[in-house]
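J.: Sequence:
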Amino acid sequence: MAASSGPQMVASWPEAALFTFPPPSHPLPLAPAPAPVSIMRPFNMPDDVFAAALDPKVPLTIAVVYAVTVKALNMYNRSRGKQPWAVSKTRPFFAFVVLHNLFLALYSAWTFWGMLGGMRRSIVHPTAAGGLAATVDSFCRLHGPAGLGASLYFNETSGQWNSADPAAAAASAMHAGSPSSTQAGRIWNEGLGYYGWIFYLSKFYEVLDTFIILAKGKYSSTLQTYHHAGAMMCMWAGMRYMSAPIWMFVLVNSFIHSLMYTYYTLTAFSIKVPMAVKRTLTTMQITQFLVGASYAIAHSFVTYVAPITVVRPVVDRLAAVAVPANPVAPAPSGTLGALMRLFLGSATKQVPAVAVASVQEPTMVTETIHFSQPCIVTAGETFAIWLNVLYLAPLTYLFVSFFIASYVKRSNAVHKMNGKAHAGESNVMLAEKAGWDAARGVEREVYGGEHMVSGSASGSCSPVGNAELTTKKANGKTRRA
1 MAASSGPQMV ASWPEAALFT FPPPSHPLPL APAPAPVSIM RPFNMPDDVF AAALDPKVPL
61 TIAVVYAVTV KALNMYNRSR GKQPWAVSKT RPFFAFVVLH NLFLALYSAW TFWGMLGGMR
121 RSIVHPTAAG GLAATVDSFC RLHGPAGLGA SLYFNETSGQ WNSADPAAAA ASAMHAGSPS
181 STQAGRIWNE GLGYYGWIFY LSKFYEVLDT FIILAKGKYS STLQTYHHAG AMMCMWAGMR
241 YMSAPIWMFV LVNSFIHSLM YTYYTLTAFS IKVPMAVKRT LTTMQITQFL VGASYAIAHS
301 FVTYVAPITV VRPVVDRLAA VAVPANPVAP APSGTLGALM RLFLGSATKQ VPAVAVASVQ
361 EPTMVTETIH FSQPCIVTAG ETFAIWLNVL YLAPLTYLFV SFFIASYVKR SNAVHKMNGK
421 AHAGESNVML AEKAGWDAAR GVEREVYGGE HMVSGSASGS CSPVGNAELT TKKANGKTRR
481 A
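Residue numbers (UniProt numbering): 1 to 481.
FYI, nobody ran anything at the bench for these hints, they're computed from the structure. Incorrect hints may have been included.
Stated by the list, open to error - BS3-like cross-link-like pairs, simulated, lysine-lysine; straight-line CA separation at most 30 Å: (1) 71 - 82; (2) 409 - 278; (3) 272 - 71; (4) 278 - 82; (5) 82 - 57.
Claimed, not checked - Label pairs and their in silico Cβ distance ranges: (6) 89 - 26: 33 to 43 Å; (7) 48 - 404: 23 to 33 Å; (8) 8 - 102: 23 to 33 Å; (9) 96 - 44: 44 to 54 Å; (10) 394 - 61: 19 to 29 Å; (11) 26 - 61: 15 to 25 Å.
All C-beta atoms, glycine included, are put in the ideal place defined by N, C-alpha and C.
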């Protein structure tokens with residue numbers, strides 16, 4: 001769509017056609033190109049394996065089996081009075097838990113570093129050419145050559161990959177009608193396609209966290225089961241439909257997990273971790289839910305304007321020239337000519353002159369046209385975004401309910417002690433403490449509390465101590481540990 005202004009970013013409503021369920025099957029996910037084996041690329045994934053893992057039956061089946069198994073083992077632990085399993089008291093189990101935490105810490109750090117490099121190569125700084133619009137373009141469009149307006153996007157109407165810039169489209173490397181997996185400059189080929197796919201598979205492995213809890217005789221909360229199953233589906237949707245916001249889930253979540261599982265590993269060896277670190281970890285875990293949902297939603301309401309330089313021919317028309325239709329040699333004049341016309345008649349007919357067609361000389365003219373570019377252009381991307389939003393909604397609600405319950409409880413306590421709450425500073429302090437209580441409550445429900453540190457049933461690994469984990473529901477009742 002053409003626009004009349006320079007580069008800018010504007011708010012806009014998403015088109016209703018983008019909210020389609022089930023989303024169309026095209027475009028198909030693009031497998032990363034083979035690369036030389038290195039620490040950051042230890043293996044190459046075959047195209048058929050890449051596509052098969054993103055079949056919706058894979059995450060759906062694993063999520064259902066996981067949820068049913070957890071439910072059954074919760075019932076088993078309840079029947080045994082929450083007694084730890086015999087295996088949980090053995091040295092091999094302790095070694096397994098430590099290695100599990102260490103592996104996830106190292107893997108998460110590896111993913112974060114790989115994604116960070118890809119983002120640095122892909123994202124345009126707001127002060128660079130194109131300004132903020134170029135930055136938004138580099139976040140929103142995952143395929144094609146770098147440059148504002150030069151991206152390739154899938155046109156669901158035509159079923160083809162297009163570009164706002166004809167020159168960029170002509171120069172873009174294509175393979176079988178799809179963007180080339182070797183073209184650098186955009187997030188997908190710079191790392192998201194590779195690290196994001198492996199990160200998606202890691203969500204299946206992370207369910208071992210739950211089974212470690214269960215082996216210690218504990219219950220796995222419904223919210224924790226929901227968290228793991230939902231993470232599988234959200235990562236699947238983001239990678240399957242190549243939705244722009246999924247980079248944040250991979251980058252931020254891998255960073256937080258690298259710290260979290262490092263903490264678990266250190267604590268297993270009785271290495272004391274400062275309380276400030278514990279609080280920071282818990283805050284980061286909850287913040288990623290709240291910020292992630294807001295960031296994902298924003299993509300559906302953002303449009304940016306890209307200036308596209310085009311060269312087109314302009315025709316200059318010259319004046320028409322009148323010439324005889326059938327010119328002949330001039331007739332004799334004078335007396336001789338008059339006698340010839342009298343006895344022989346006219347040798348020629350007087351034919352009116354006609355105009356020759358206008359002479360056209362094309363001139364090439366360069367001009368700049370501004371095109372409005374919606375950040376999200378496919379129903380698949382939209383589906384992935386709003387699936388993530390719906391997944392994070394219950395976690396956000398839980399945080400708010402914990403916050404309200406804690407704030408009310410602390411406020412009532414201040415009233416009883418002082419007769420009335422101090423204005424200003426007291427309210428700020430109450431809100432800060434209530435926010436911390438809410439973060440601890442959600443962290444405990446989602447990540448399971450005492451589960452990842454040692455092989456003993458009484459071990460504690462939560463970034464907050466056991467004494468700090470008493471939380472209240474919004475109705476004031478104590479939540480079950």
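J.: If a hint holds in the structure, say so; if it does not, say that too.
T.: Hint check results:
The hinted pair formed by residue 71 and residue 82 meets the criterion: a straight-line CA distance of about 14 Å does not exceed 30 Å. Taken as a hint, the residue 409 and residue 278 pair is honoured in the structure, with Cα atoms around 24 Å apart against an allowance of 30 Å. About 35 Å separates the Cα atoms of residue 272 and residue 71, which puts this hinted pair outside 30 Å; it is violated. For the given pair, residue 278 sits about 27 Å from residue 82 by alpha-carbon distance, which is consistent with the 30 Å threshold.
Proximity of residue 82 to residue 57 is assessed by CA-CA distance (about 34 Å); at most 30 Å being required, the pair is judged violated. A C-beta distance of roughly 53 Å is found between residue 89 and residue 26, which places it outside the suggested range of 33 to 43 Å. Distance hint check: the CB atoms of residue 48 and residue 404 are about 51 Å apart, inconsistent with the given range 23 to 33 Å. Restraint check, residue 8 to residue 102: a C-beta distance of roughly 48 Å breaks the suggested window 23 to 33 Å.
At about 30 Å, the beta-carbon gap between residue 96 and residue 44 misses the expected band of 44 to 54 Å. Restraint check, residue 394 to residue 61: a C-beta distance of roughly 23 Å satisfies the suggested window 19 to 29 Å. Between residue 26 and residue 61, the C-beta spacing of about 24 Å keeps the proposed range 15 to 25 Å intact.
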